[in-house]
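Build out the structure end to end from the sequences listed, making use of the hints.
Below, each chain spelled out in residue letters.
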Amino acid sequence: MRSIVSIASTTVGEAIRRKVLLVILLIGLLFMIIAPGLGVLSARSELTVLKSMMLGIIQLTSAVIAIVLTVYMIPNEIERRTIYTILSKPVQRWQFLVGKYLGAVLALGLMMALMTVVLLAVFLYMQQDIHQAIDIAKAPALYFVQMSLLAGVAIFFSTFVSPLVNFFLAGGIYLLGSLFAPFFKTMEDNGHSPVMVKKVASFVNVIIPNFAMFNTQNPIINPNQTIGSESGYYIQAAIYGAIYIGILLVAGILIFDRREV
Amino acid sequence: MAKGRNLLLGVIAALLAGQAALQQLLLWPTWTKDYAPSKGLDDAPGLDPGQFLIALAGFREMIAGILWVRADAFFDAGNYDAILPIIRLVTILDPHQIDVYATGMWHIGYNFTDEEQRSDRRYLPTALALGREGSKQNPSTYELYFETGWMWLHKIDDIYPKAVGWMEQANAHDDMPPARRNMLARAYEKDGDIEKMIDLYYKLYDEAEKKLKTDPAYQNRQGADVIENNLDNLLVRSVQRGYQAKKLGIYDSGDYDTKPPFDVGFTAKVTVTEANIIRIEGTWNVLPLGTRIKVILRDENFPNTVAGGAIWDAWKGVNLDPDKDATYMQDQLYVRNQHFNKKIDMSKDPTMYPFTGKDYTLEFFYNPRSAPPHIQDKFGWNGEGMTDKNFLRDDLKGPGREGVRCMYTTLHLTRDMIRRQGEWADKVPVLMTKGYKDSASTGADQDVIIIPSLRGSK
Numbered sequence: 000m001r002s003i004v005s006i007a008s009t010t011v012g013e014a015i016r017r018k019v020l021l022v023i024l025l026i027g028l029l030f031m032i033i034a035p036g037l038g039v040l041s042a043r044s045e046l047t048v049l050k051s052m053m054l055g056i057i058q059l060t061s062a063v064i065a066i067v068l069t070v071y072m073i074p075n076e077i078e079r080r081t082i083y084t085i086l087s088k089p090v091q092r093w094q095f096l097v098g099k100y101l102g103a104v105l106a107l108g109l110m111m112a113l114m115t116v117v118l119l120a121v122f123l124y125m126q127q128d129i130h131q132a133i134d135i136a137k138a139p140a141l142y143f144v145q146m147s148l149l150a151g152v153a154i155f156f157s158t159f160v161s162p163l164v165n166f167f168l169a170g171g172i173y174l175l176g177s178l179f180a181p182f183f184k185t186m187e188d189n190g191h192s193p194v195m196v197k198k199v200a201s202f203v204n205v206i207i208p209n210f211a212m213f214n215t216q217n218p219i220i221n222p223n224q225t226i227g228s229e230s231g232y233y234i235q236a237a238i239y240g241a242i243y244i245g246i247l248l249v250a251g252i253l254i255f256d257r258r259e260v
Numbered sequence: 000m001a002k003g004r005n006l007l008l009g010v011i012a013a014l015l016a017g018q019a020a021l022q023q024l025l026l027w028p029t030w031t032k033d034y035a036p037s038k039g040l041d042d043a044p045g046l047d048p049g050q051f052l053i054a055l056a057g058f059r060e061m062i063a064g065i066l067w068v069r070a071d072a073f074f075d076a077g078n079y080d081a082i083l084p085i086i087r088l089v090t091i092l093d094p095h096q097i098d099v100y101a102t103g104m105w106h107i108g109y110n111f112t113d114e115e116q117r118s119d120r121r122y123l124p125t126a127l128a129l130g131r132e133g134s135k136q137n138p139s140t141y142e143l144y145f146e147t148g149w150m151w152l153h154k155i156d157d158i159y160p161k162a163v164g165w166m167e168q169a170n171a172h173d174d175m176p177p178a179r180r181n182m183l184a185r186a187y188e189k190d191g192d193i194e195k196m197i198d199l200y201y202k203l204y205d206e207a208e209k210k211l212k213t214d215p216a217y218q219n220r221q222g223a224d225v226i227e228n229n230l231d232n233l234l235v236r237s238v239q240r241g242y243q244a245k246k247l248g249i250y251d252s253g254d255y256d257t258k259p260p261f262d263v264g265f266t267a268k269v270t271v272t273e274a275n276i277i278r279i280e281g282t283w284n285v286l287p288l289g290t291r292i293k294v295i296l297r298d299e300n301f302p303n304t305v306a307g308g309a310i311w312d313a314w315k316g317v318n319l320d321p322d323k324d325a326t327y328m329q330d331q332l333y334v335r336n337q338h339f340n341k342k343i344d345m346s347k348d349p350t351m352y353p354f355t356g357k358d359y360t361l362e363f364f365y366n367p368r369s370a371p372p373h374i375q376d377k378f379g380w381n382g383e384g385m386t387d388k389n390f391l392r393d394d395l396k397g398p399g400r401e402g403v404r405c406m407y408t409t410l411h412l413t414r415d416m417i418r419r420q421g422e423w424a425d426k427v428p429v430l431m432t433k434g435y436k437d438s439a440s441t442g443a444d445q446d447v448i449i450i451p452s453l454r455g456s457k
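These protein sequence lines are chains A and B, in that order. One point on numbering: in numbering that gives the first Met the number 0, the residue at position 104 of the first sequence is 103, and numbering is uninterrupted. One point on numbering: in numbering that gives the first Met the number 0, the residue at position 416 of the second sequence is 415, and numbering is uninterrupted.
Treat the hints with caution; some may be incorrect.
[What the hints assert, rightly or not] Calculated cross-link-like contacts (lysine-lysine; reagent style DSSO-like; alpha-carbon spacing at most 30 Å):
hint: 1; chain 1: B; residue 1: Lys2; chain 2: A; residue 2: Lys88
hint: 2; chain 1: B; residue 1: Lys357; chain 2: B; residue 2: Lys426
hint: 3; chain 1: B; residue 1: Lys154; chain 2: B; residue 2: Lys357
hint: 4; chain 1: B; residue 1: Lys396; chain 2: B; residue 2: Lys323
hint: 5; chain 1: B; residue 1: Lys315; chain 2: B; residue 2: Lys32
hint: 6; chain 1: A; residue 1: Lys137; chain 2: B; residue 2: Lys32
hint: 7; chain 1: A; residue 1: Lys198; chain 2: B; residue 2: Lys32
hint: 8; chain 1: A; residue 1: Lys197; chain 2: B; residue 2: Lys315
hint: 9; chain 1: B; residue 1: Lys341; chain 2: B; residue 2: Lys388
hint: 10; chain 1: A; residue 1: Lys198; chain 2: B; residue 2: Lys315
hint: 11; chain 1: B; residue 1: Lys396; chain 2: B; residue 2: Lys433
hint: 12; chain 1: A; residue 1: Lys197; chain 2: B; residue 2: Lys135
hint: 13; chain 1: B; residue 1: Lys32; chain 2: A; residue 2: Lys197
hint: 14; chain 1: B; residue 1: Lys341; chain 2: B; residue 2: Lys154
hint: 15; chain 1: B; residue 1: Lys347; chain 2: B; residue 2: Lys154
hint: 16; chain 1: B; residue 1: Lys135; chain 2: A; residue 2: Lys137
hint: 17; chain 1: B; residue 1: Lys388; chain 2: B; residue 2: Lys246
hint: 18; chain 1: B; residue 1: Lys396; chain 2: B; residue 2: Lys268
hint: 19; chain 1: B; residue 1: Lys195; chain 2: B; residue 2: Lys212
[Claimed, not checked] Pulled a few chain B residues facing chain A out of the computed Cβ check, cut under 10 Å:
hint: 20; residue: Leu8
hint: 21; residue: Val10
hint: 22; residue: Leu14
hint: 23; residue: Ala19
hint: 24; residue: Ala20
hint: 25; residue: Leu21
hint: 26; residue: Gln22
hint: 27; residue: Trp27
hint: 28; residue: Trp30
hint: 29; residue: Tyr34
hint: 30; residue: Asp93
hint: 31; residue: His95
hint: 32; residue: Gln96
hint: 33; residue: Asn137
Hint data in this document are derived by calculation from the structure and do not stem from the laboratory. If you're wondering where the values come from, they're calculated on a predicted model, not measured in any experiment. Virtual Cβ for every residue (Gly too), placed ideally from N, Cα, C.
As structure tokens, this is what we get:
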């Protein structure tokens with residue numbers, strides 16, 4: 000356990016020092032600050048646009064950070080040969096992988112927390128409504144689980160593909176996981192879809208991680224909607240995320256364990 | 000080693016099954032119910048899959064805002080066709096943009112016209128479907144219920160039970176301003192349901208008085224005065240038009256403005272002067288103002304029709320591309336000196352009037368429920384004060400046609416007649432209704448406008 004904590008803390012330090020991540024974070028923060036100016040895009044829906052813009056920026060920035068942060072993690076260690084130093088110590092390969100992942104998630108969490116603070120500050124400055132501000136901050140909580148899952152996808156692929164391929168692969172899975180389930184639902188509702196296509200789609204739908212389920216911003220942006228058990232859903236979604244991350248890490252460990260380094 | 004590996008593979012399989020169960024049984028149903036971007040969108044033919052994918056991705060509302068700004072530029076440029084997919088996309092991206100639904104409905108319903116400013120009614124189902132979908136997406140506000148009701152009441156101005164239904168739903172919302180609640184009363188009136196209209200005005204008056212007592216602001220005084228005035232007028236009219244007498248069963252013995260029924264004396268002659276151009280002339284004994292006769296030229300098998308109209312919400316889905324093979328022309332005949340003479344040129348708009356079918360029906364329809372108050376003072380709310388020697392109908396079926404005395408007749412035309420082809424290439428098709436009288440007998444050519452008295456039948 001000490002090895003995992005030690006690798007994780009080192010990874011956090013490395014991540015925070017990486018300029019590319021800080022630039023992405025800075026761009027995200029700048030967009031969040033200028034977002035209120037875009038409320039004019041919708042005549043009577045300034046608040047709607049403000050909320051959706053801010054949450055959208057957090058989500059997009061976090062997704063880019065999660066992918067960029069994790070795709071290089073294992074390949075860089077191998078390329079720089081620092082992995083030999085680590086693995087020559089009493090550290091198992093699975094401990095190294097889990098430590099790296101936890102470090103990445105912690106760093107991601109810190110950056111997302113900073114964006115959430117800016118979100119609250121800008122929102123409070125614009126709206127002076129503490130209740131709405133608290134309400135809007137719920138979305139980034141599930142975004143964090145979503146991005147942790149995305150980081151899991153990227154770290155899984157990083158055990159056997161190059162960073163560039165991984166970047167597109169993880170990004171593609173994120174896009175597919177965000178779009179496929181609602182798209183599949185549309186297809187299911189459409190009686191004209193062929194049965195075979197539906198079956199294949201159904202299989203793909205349960206296998207790929209469903210990122211859409213972490214997008215809970217709609218009732219926050221449009222508060223007139225009635226929601227059932229919100230906390231229950233958040234807990235279930237977090238459990239779902241944890242299970243899928245578990246799958247990815249175990250699969251990653253199996254591959255990384257057999258890999259020549 | 001292999002044992003441990005198999006164990007891990009087993010763990011992966013178990014976790015995969017667990018996540019699938021959790022996802023499909025618990026999370027996904029809740030997400031689609033509570034968190035999905037849009038619920039119950041009408042099916043959206045006319046959208047390509049790429050547009051649909053964008054609609055499901057993040058940044059929905061922001062993209063919707065940007066697109067709507069773009070649509071505004073198209074409005075200014077008069078490029079109306081370009082606006083249609085934008086409206087649809089914006090409503091899918093952000094189904095809570097009420098203004099887009101409302102403006103979209105108005106645009107689709109009103110702005111597509113031919114060279115002579117007759118609107119393309121084939122788009123009405125699309126406009127109404129958008130309103131239906133918008134109200135489903137935004138059930139907490141009265142706005143889109145009202146807009147859809149307004150489309151029936153003002154644009155379609157027919158099948159008034161539909162307007163009543165939507166206005167009643169709008170009225171059930173607390174956020175509907177009192178001034179707009181009057182529109183429900185107007186819908187009741189046009190539907191011939193005067194009892195409900197009186198009840199509603201009393202209720203609105205009580206509410207306005209109550210509000211005035213708690214807040215004697217000018218607008219509250221004004222609101223109460225308007226409702227009181229409307230109620231006064233309504234009650235006076237209900238007596239003068241014999242409505243109250245009918246309720247009491249003493250109509251036959253009393254003298255009311257609606258007695259005796261006035262013969263509107265409708266006759267018409269239709270000449271296909273050139274290909275896709277028709278001239279309609281005829282007689283109508285009523286005042287020059289406010290007595291427009293509806294004329295419709297449509298495919299004989301045009302779907303969902305009733306006498307003198309169509310049930311425009313019978314089509315399903317927001318279809319941005321209405322049937323381009325269908326023809327439905329609607330216009331109104333203006334009366335001067337008890338005569339009308341109108342040229343209807345459909346030759347410049349072949350996409351709106353394709354005339355691909357073989358047979359066509361030309362309908363003439365006058366519904367006293369659509370008439371303005373000064374005409375209804377004679378004809379009554381349900382046509383009890385009007386008659387027509389040849390074309391009075393009180394047996395029409397379908398929504399909005401029950402319990403009302405209308406003038407209705409049809410003529411049959413063929414494609415060859417309208418296009419002046421085949422046997423009609425050298426022959427001028429002329430059709431006449433029963434009892435047609437030419438204009439000379441009505442004094443239509445006189446400079447002085449003759450205003451006939453509606454008091455007695457000629």
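Item to complete: For the pair we were handed, A/Lys198 and B/Lys315, check the Cα-Cα distance against 30 Å.
Response: 28 Å, holds
Worksheet item: Can B/Ala19 be said to touch chain A, with a Cβ gap under 10 Å?
Response: Constraint on B/Ala19 satisfied, holds at 4 Å.
Worksheet item: Measuring from the C-beta of B/Leu14 to each C-beta in chain A, is the shortest one below 10 Å?
Response: 5 Å, holds
Practice prompt. Verify the proposed pairing of B/Lys2 with A/Lys88, using a straight-line Cα cut of 30 Å.
Written response: Since the Cα atoms of B/Lys2 and A/Lys88 sit roughly 25 Å apart, the hinted pair holds (cutoff 30 Å).
Worksheet item: Given B/Gln22 as an interface hint, is the shortest Cβ-Cβ distance to chain A below 10 Å?
Response: Cβ of B/Gln22 sits 6 Å from chain A, so the hint holds.
Worksheet item: Regarding the pair B/Lys135 and A/Lys137, is the alpha-carbon distance no greater than 30 Å?
Response: 27 Å, holds
Fill in: Given pair status - B/Lys154, B/Lys341, alpha carbons within 30 Å
Roughly 22 Å separates the two Cα atoms, so the pair holds.
Worksheet item: When you check the alpha-carbon spacing of B/Lys195 and B/Lys212, does it fall within 30 Å?
Response: The given pair, whose Cα atoms are some 26 Å apart, holds under the 30 Å limit.
Worksheet item: Taken at face value, is the distance from the CA of B/Lys32 to the CA of A/Lys198 at most 30 Å?
Response: Given that 30 Å is the threshold and the Cα spacing comes to 23 Å, the pair holds.
Discussion item. Restraint: B/Trp27 near chain A, CB-CB cut 10 Å. Satisfied or not?
Written reply: This interface hint holds because 7 Å falls under the 10 Å limit.
Worksheet item: Holds or violated: B/Lys315 with B/Lys32, Cα cutoff 30 Å?
Response: Holds, at roughly 23 Å.
Worksheet item: Can B/Gln96 be said to touch chain A, with a Cβ gap under 10 Å?
Response: Cβ of B/Gln96 sits 6 Å from chain A, so the hint holds.
Going through the hint list in order, the structure satisfies each hint without exception.
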